[in-house]
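Student: Single-letter residue listing:
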Amino acid sequence: MRVGVVTFPGSLDDIDAIRAVRLTGGEPVSLWHASDSLEGVDAVILPGGFSYGDYLRCGAIARFSPVMAEVIKQAKAGLPVLGICNGFQVLCEAHLLPGALIRNDRRTFYCKDQLLRVESTSTAWSNKFATEQEISIVIKHGEGNFQADPETVRMLEGTQRVVFRYLGENPNGSVNNIAGIANERGNVVGLMPHPEHNVDPAVSPGLDGVRFFASLTNYLTSLAEEA
Amino acid sequence: MARVVVEVMPKPEILDPQGKAVTGALKRLGFSGLSVRQGKRFEIEIEGEITPERIEQATKAADSLLANTTIENYVVRVDG
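Chains as they are written, first to last, in the working numbering: chain U, 1 to 227; chain E, 1 to 80.
If you are wondering where the hints come from, they were derived from the structure by calculation, not from laboratory data. Each hint should be verified, as a subset may be incorrect.
Unchecked claim - Here are the computed lysine-lysine pairs in the DSBU-like style, where the Cα-Cα straight-line distance is at most 35 Å:
| id | chain 1 | residue 1 | chain 2 | residue 2 |
| --- | --- | --- | --- | --- |
| 1 | U | K76 | E | K11 |
| 2 | U | K76 | E | K40 |
| 3 | U | K73 | U | K128 |
| 4 | U | K128 | U | K140 |
| 5 | E | K27 | E | K11 |
| 6 | U | K140 | U | K112 |
| 7 | E | K11 | U | K73 |
| 8 | E | K11 | U | K112 |
| 9 | E | K40 | U | K112 |
| 10 | E | K60 | U | K76 |
| 11 | E | K11 | U | K140 |
| 12 | U | K128 | U | K112 |
| 13 | U | K73 | U | K140 |
| 14 | U | K140 | U | K76 |
| 15 | E | K20 | E | K60 |
| 16 | U | K140 | E | K27 |
| 17 | U | K73 | E | K40 |
| 18 | E | K27 | U | K112 |
| 19 | U | K128 | U | K76 |
| 20 | E | K11 | E | K40 |
| 21 | U | K73 | E | K60 |
| 22 | E | K40 | E | K20 |
| 23 | E | K27 | E | K40 |
| 24 | U | K140 | E | K40 |
| 25 | E | K40 | E | K60 |
| 26 | E | K20 | U | K112 |
| 27 | E | K60 | E | K11 |
| 28 | U | K140 | E | K20 |
| 29 | U | K112 | U | K76 |
The shape of chain E in the complex, shown without the other chains (with noise of 0.2 Å):
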């Protein structure tokens, strides 16, 4: 079954506290130097082929209901 991904990422002068929670974890665990920012990641299984209109449909659902562009950015692509 064909799949795309949308991917989902808080925009970058957005405040990303579950980022910087991770972020102090890993510099408590010793990971020194690394910053982390934390989005989502949807994977929709796709019946049939993808199309254009099946693309356009993703970046819809994405637009209206997986990202809220107040405050994230996405990304929709095809996976594999």
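Only chain U is shown next, with the shape it has when bound in the complex (with noise of 0.2 Å):
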């Protein structure tokens, strides 16, 4: 299993997501934004952190760069594409996934431990846990206050693609404590909290984490078979 790992001009997480790549039994490919190949890796993740210094608005400017055209053109034939708080920014931007993501409705820059409960486990990267599971993930972010028009939200989450929900404390006051959404295929999923930090016991209180890599692993191994 490769799984390709972009690396944006002021990507942060990259190389913790290439870590838990490996950690988790894959083997990482780095991508660069500037390159219009995916080098035919098997997943690509779009990591946390910034992206062409996020000038105009997240993840604005990084959704025109040349990688991009080539993981809009590869996921819309259904390859899995993970997007991790910036990368989710960029998908949104991409309109890979509805909506956007703005500033946090208290202003506040927020770190901490996140209970989520997963909400949709018919997605590349969530069919390892179990619906209505409760997990702790990472979040730290400025701008994940993820909103869309009354519609498109009736529509997330009445055709089960809201994949992830903020539990106790709204952070960042999304919509309806949403934490991370999918595509209409369940290919792509955009989260603003961070797995890549945990999957190793060395570093992280959780290992929630590791189950996005396995069901990631589940995913590709259940398309072969289909194959």
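Relying on the hints, combine the two individually framed chains into one complex.
Tutor: Listed below in structure tokens is the structure:
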């Protein structure tokens, strides 16, 4: 399983994502924002941090980078893509996911372990969780307030495309406590929390991030068996 | 040189935390009864004359990059 991790100018968590892929049994492949090649990877992670200074809006300029043209094309053809934090913002700007992420309602940067509920297990990145499982994943962001028009929110809720929801206090004011969503096919998932920080017992109090990567392995294995 | 201005504002129904912070600061400074929403202004210098095609080009730029129409509205106008 070869998993590409994109590095944008300003990415912070690309190395952690690469490490998480390796720790969970995958082969990480570094992808560069200015290259239009995905090097034949089986999945792509858009990591957290920043991109192109996040000028204009978070992810707005990164969304037009050469690598994203290829990510958009292949995601529409079914390539599993996970956008974490800034990566989620890039996916929304790229219209691979609906809605947008604005500044946290309390204008506070949050960095903490966050309880989440898994709302959908029918995605490439969440199928190894149990439905309604409660998990703990690190959050650290200032602009994670997910917003969409009421019709889009109804559609997401009605089609099991809300994948993760904040439990307890909502850290950013996102509509319906939404922490992560999927595209219609379930191959593209974006979330504000950072599963790549929850895979190593040496630095993390919980290992719930591991199942994101186990889900991907399971998804790709099932696809290969069907083929 | 001709100039086109694009103004981008958060949609009325979308929370504007930056505007809220500015509103709070104004209140603390004694400017009572002022409520601020914060947007962006882009000044675009255009080569040659402003034609309907140029306006259309600027509108396309606003729609695809300068504004995120999920959360923002924009207006395009000729400056001067």
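Student: Would you pick out the hints that fail for this structure and give their numbers low to high?
Tutor: Hints that this structure does not satisfy do not exist here, as all of them hold.
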